[in-house]
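K.L.:
Given next are the chains, with one letter for each unit.
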Amino acid sequence: MNRIVNNPDFVVEDMLKGFVKTHKDIVSTTEDARVLKYKNAPVEGKVGIVTGGGSGHKPAFIGYIGENLCDAVAVGEIFSSPTAKAFLDAIKEADSGKGVACLYGNYAGDNMNVKMAMRKAKKLGIEVKTVVANDDCASAPKTELEKRRGVAGEVLMWKVGGAKASMGGSLDEVIAVAQKAIDNTRSVGIGTAPCTIPAVGHPNFQIEDGTMEVGIGHHGEPGINVQPLKTADDIAEEMLDIIIPDLPFESGDEVVVLLSGLGATPVMEQYIVYNRVEEILTEKGIKVHRSYVGNYFTSLEMMGVTLTVMKLDDELKECIDMPANSVGLKQF
Amino acid sequence: MNRIVNNPDFVVEDMLKGFVKTHKDIVSTTEDARVLKYKNAPVEGKVGIVTGGGSGHKPAFIGYIGENLCDAVAVGEIFSSPTAKAFLDAIKEADSGKGVACLYGNYAGDNMNVKMAMRKAKKLGIEVKTVVANDDCASAPKTELEKRRGVAGEVLMWKVGGAKASMGGSLDEVIAVAQKAIDNTRSVGIGTAPCTIPAVGHPNFQIEDGTMEVGIGHHGEPGINVQPLKTADDIAEEMLDIIIPDLPFESGDEVVVLLSGLGATPVMEQYIVYNRVEEILTEKGIKVHRSYVGNYFTSLEMMGVTLTVMKLDDELKECIDMPANSVGLKQF
Amino acid sequence: MSSFKNADAGVIVDQLIKTIQKERDYLSEIDGKIGDGDHGINMNKGFTMCEKKLEGTTYNLSEGLTTLGETLLEDIGGSMGPLYGMLFDEMAQACEDEEEITADVFAEMITASVEGIQDISPAQVGDKSLLDTLIPAKEAFVEAKEAGKDFAECLDAMNAAAEKGWQSTKDLVAKIGRASRLGERSRGVLDAGATSCYFIITTIGSTAKSLL
Amino acid sequence: MSSFKNADAGVIVDQLIKTIQKERDYLSEIDGKIGDGDHGINMNKGFTMCEKKLEGTTYNLSEGLTTLGETLLEDIGGSMGPLYGMLFDEMAQACEDEEEITADVFAEMITASVEGIQDISPAQVGDKSLLDTLIPAKEAFVEAKEAGKDFAECLDAMNAAAEKGWQSTKDLVAKIGRASRLGERSRGVLDAGATSCYFIITTIGSTAKSLL
Ligand SMILES: Nc1ncnc2c1ncn2[C@@H]1O[C@H](COP(=O)(O)OP(=O)(O)O)[C@@H](O)[C@H]1O
Ligand SMILES: Nc1ncnc2c1ncn2[C@@H]1O[C@H](COP(=O)(O)OP(=O)(O)O)[C@@H](O)[C@H]1O
Ligand SMILES: [Mg+2]
Ligand SMILES: [Mg+2]
Ligand SMILES: [Mg+2]
Ligand SMILES: [Mg+2]
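Residue numbers (the working numbering), protein chains in the order written: chain R, 1 to 332; chain C, 1001 to 1332; chain L, 2001 to 2212; chain G, 3001 to 3212.
Bound conformation, chain R alone:
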């Protein structure tokens, strides 16, 4: 095991300490050790944006705390939902009285903990509404959208929701646009090597060398199929063949593309895949308004990439183009 850690049971605690030391210009700690907040949160007169999830996805989730992004984040153990208390505390930290939009991903644990937190928030008189990201095409058929997992599309959901809140949107407006964002977003992942949770010490799933798992989830959830590893160009095509008909994206559409590495795949390779992604989209008459390439949503040192495409309208474009300042996404 080539992990650089101390006690593997306390990697999240140790990581948070280092994170806060490094980014005190953006984030601050709260009374709850499992909640970090934007240093200016709650922002007066603004709807609060909350998210949360298991650890191991750097820069997600805490890396998206910041200006025009998330106000507070609940932090779980590696690949495991934060507690209901952490979600509740994040909600409290984010609320300035205008309500809180909790924008998170569709996983059983997160769903239950958010529900518990919302019950308690209601008692405290805090209005909370949710958008549950379900952008992963590979996790369920189109007829069961509500079963689909949330993956890197969450970054775009936070970007859009965070921007709307900063523009002065009401809770309903923020929820509506974040929901629109995720409804117009499709993702798929390709895995080429597994990852190891420090406290476990061995990979909790396998991907044979020379093969790739199409549709893999952010925790190694199995995908659509396992194939011999293809070229970058063919991988780009394979991913778009899943994503494009699913929404569907059509000639004349304008889109945002987010191509993220899963952790250990060199960014060089991500640009190689992205190059072909943009070529194919262009061939199909789909215009790339903006693209993000890099490690935006990872799974420890898993290898592979995820591709996320979001169809824009004027409102979404305005939100995507708004400046933002966080650890994971800085945009002027």
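There may be inaccurate statements among the hints.
Using 25 Å as the maximum straight-line C-alpha spacing, the simulated DSS-like pairs for lysine-lysine come out as follows [claimed, not checked]:
1) G:3005 to C:1115
2) C:1317 to R:39
3) C:1017 to G:3045
4) R:147 to R:115
5) R:284 to R:330
6) C:1024 to R:311
7) R:24 to C:1021
8) R:287 to C:1021
9) R:330 to C:1115
10) L:2018 to L:2005
11) R:17 to C:1115
12) R:311 to C:1122
13) G:3175 to G:3005
14) C:1287 to R:24
15) R:17 to C:1311
These are computed hints drawn from the structure, not numbers from a lab.
Put chains C, L and G with the ligands on the given structure of chain R with help from the hints.
P.N.:
This is chains C, L and G with the ligands only, laid out in the frame that chain R set:
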């Protein structure tokens, strides 16, 4: 091999295409396919900043093209120096008539190619001066500073030199401050797993599982010794024990710390190491003015981290604190 | 006796803590077969934290259950935190105003716990989860009571149904949780959550019976 | 004859290209032992690019060498680009104004090439690099000439010294380049750059001799 590439002989070409598509807001291509430039370069009345090196170090080198950073970068094959022509063309693209500071790392190939480029630049009447980064403590004893390699300290050298040039510094002033930056910077790397050049197909060096190589270079150059893998805290201490006495850094100093992953080591682990680094520095009375943690200078999917510490004076601090906008480093 | 005192029944919570601590490794072992092998660790962590909070205090049943539920909700994330947190919290609320825990009160406690869990989880009987233990146990208790059985007999019926429900998970294909990704491969082994739920229900049942 | 015409000697460049193409795999094989196994690939890439540029054109020796040197500098990075680029560039410059290539001119060519390389590389004889071939070859040529030998005899001396210098690298420990990181483990195999330099020098020597 879990590489996501097309023809392994053309990874650099393919990567550059994807990079330019993604970052056209910052970089642009030039007539030389192996030179990228800041879209506004040459910046009128400003000393040009040039660097270059082998590929595979994302976001270095091209990720540091941008506002108040590098104006043009020469791009080599994976882990191999760019051509003399590429360095020359980068120099030409960066020159606005005020001369060019070529700030690069101490490797035989780069030294020779830069020298050749400078001969030709001289014939064209372009004034070029160089600073050769040699921040890697582990690569030669202190008595042979001129043999030391340049590693992640180059990022700080570019930051400082780029800022000075944007502040209106003359070529001599830019060179002086960049030289001061690197003279006050020490780095060391710890490797925990090797990397594979796509065209080679197998790792070109070995690090046994459960061991770490202290002092490893950015291409797997062997370090000081190989040890059983330590905890993150002990690794932090081991690295500082090499760095601190070398300059030496002393109580009362203010420093910038850059902790970079080598590629596949999760950013979570980097924060864990950083946490202890800052603790130790604080214990020693050394104040961290600013820190950078993340994949700032990688080696494909090598595992491990490099630690870089730079001692500040007022001039260096002013340069480090200046805003910058590039792919690899965005600072407001 | 047909009831026991809330004030005397803090011991039920003590026994729950002891049981989970004792079964820690077994629970992880079962989870390791088709899950990620941490169920015992997760449960033990939560119950032991609760033990620490209760240490040196006096508490009746409803207070003990409240602390247990809150601890799970506050300190254990994942799925177990909210599921068992809800279970104990609802049980506690259903008896917090009662001095005497009668069969009627107990029926309300276990019914409330099932409803609470169903409020946050879409899991159904047959999905291979703790509900395969919990729901039959609740139904057996309620049916026995409606059939006019006394409290002790109801508890026996509940315990027997819990065991049967637990064992039923062996032949099920997981439709929920981590194991669901294994499809057919999840058949043939017991479910970890159903196992911990079996220990929890039968510990409550046996300890309650001893108080009658 | 004691000289040959610059105009007739483009063939030297043609022979250099053919030699490197022929020895490509051997050069990589040698580099693979203590380097990264790409020396033949790097050299072949540069020389074949030069071949393409020269195709369909006529060129004398200095023009051919200029194109070869420029191609290496422009298209081959790493260490080989500047080192051999410099070597051929300096050779070309030393004869570009000469119609006749005499022993004196040739001595200047090879001397300039050594000086050019030393201008950019700190490598010394004994460091296990191409200089272990090149410098003895140059010295042998110059000494033979100063001893009054004719051009052909000087070239023979040069070729013999090149071979001896090349073979000397077998017992050396690398002090420069990639292999230097192996320390003692770099002893016992020939140096890749010294090998390509041996092929280059002896191809120049033999072809030049055939033109006399
Ligand atoms: N949505 C759900 N509803 C009910 N029970 C669930 C649900 N998800 C998981 N479980 C139960 O959780 C158990 C696993 O618990 P545990 O190992 O502690 O959590 P994790 O799966 O996060 O590692 C499963 O055996 C199953 O009984
Ligand atoms: N600084 C140097 N000076 C002279 N020769 C060198 C130097 N560095 C490397 N060499 C030569 O280069 C050869 C290796 O060339 P090649 O394999 O093409 O490049 P690389 O080492 O970058 O893969 C070595 O065998 C050595 O002779
Ligand atoms: Mg788990
Ligand atoms: Mg588990
Ligand atoms: Mg080589
Ligand atoms: Mg090489």
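K.L.:
Evaluate each hint against the coordinates.
P.N.:
Hints versus structure:
1. Between residue 3005 of chain G and residue 1115 of chain C the alpha-carbon distance is near 33 Å, which puts this suggested pair outside the 25 Å criterion.
2. Taking the CA atoms of residue 1317 of chain C and residue 39 of chain R, the gap is about 24 Å. The hint holds against a cut of 25 Å.
3. Of the pairs offered as hints, the one joining residue 1017 of chain C and residue 3045 of chain G holds, with about 22 Å between alpha carbons and a cut-off of 25 Å not exceeded.
4. For the given pair, residue 147 of chain R sits about 17 Å from residue 115 of chain R by alpha-carbon distance, which is consistent with the 25 Å threshold.
5. For the hint pairing residue 284 of chain R with residue 330 of chain R, the CA-to-CA distance comes to about 30 Å; that exceeds 25 Å, so the pair is violated.
6. Annotation: proposed proximity of residue 1024 of chain C to residue 311 of chain R holds, straight-line Cα distance about 21 Å (limit 25 Å).
7. The straight-line distance between the Cα atoms of residue 24 of chain R and residue 1021 of chain C is roughly 33 Å, outside the 25 Å bound, and the hint therefore fails.
8. The hinted pair formed by residue 287 of chain R and residue 1021 of chain C meets the criterion: a straight-line CA distance of about 12 Å does not exceed 25 Å.
9. With a C-alpha separation of about 37 Å, the suggested pair residue 330 of chain R and residue 1115 of chain C falls outside the 25 Å cut-off, and the hint is violated.
10. A threshold of 25 Å between alpha carbons decides the hint, and for residue 2018 of chain L with residue 2005 of chain L the separation of about 21 Å falls inside it, so the pair holds.
11. For the suggested pair residue 17 of chain R and residue 1115 of chain C, the alpha carbons sit about 45 Å apart, so the restraint of at most 25 Å is broken.
12. A distance of roughly 52 Å separates the Cα atoms of residue 311 of chain R and residue 1122 of chain C; the hinted pair therefore is violated under the 25 Å criterion.
13. A distance of roughly 40 Å separates the Cα atoms of residue 3175 of chain G and residue 3005 of chain G; the hinted pair therefore is violated under the 25 Å criterion.
14. The straight-line distance between the Cα atoms of residue 1287 of chain C and residue 24 of chain R is roughly 15 Å, inside the 25 Å bound, and the hint therefore holds.
15. Taking the CA atoms of residue 17 of chain R and residue 1311 of chain C, the gap is about 23 Å. The hint holds against a cut of 25 Å.
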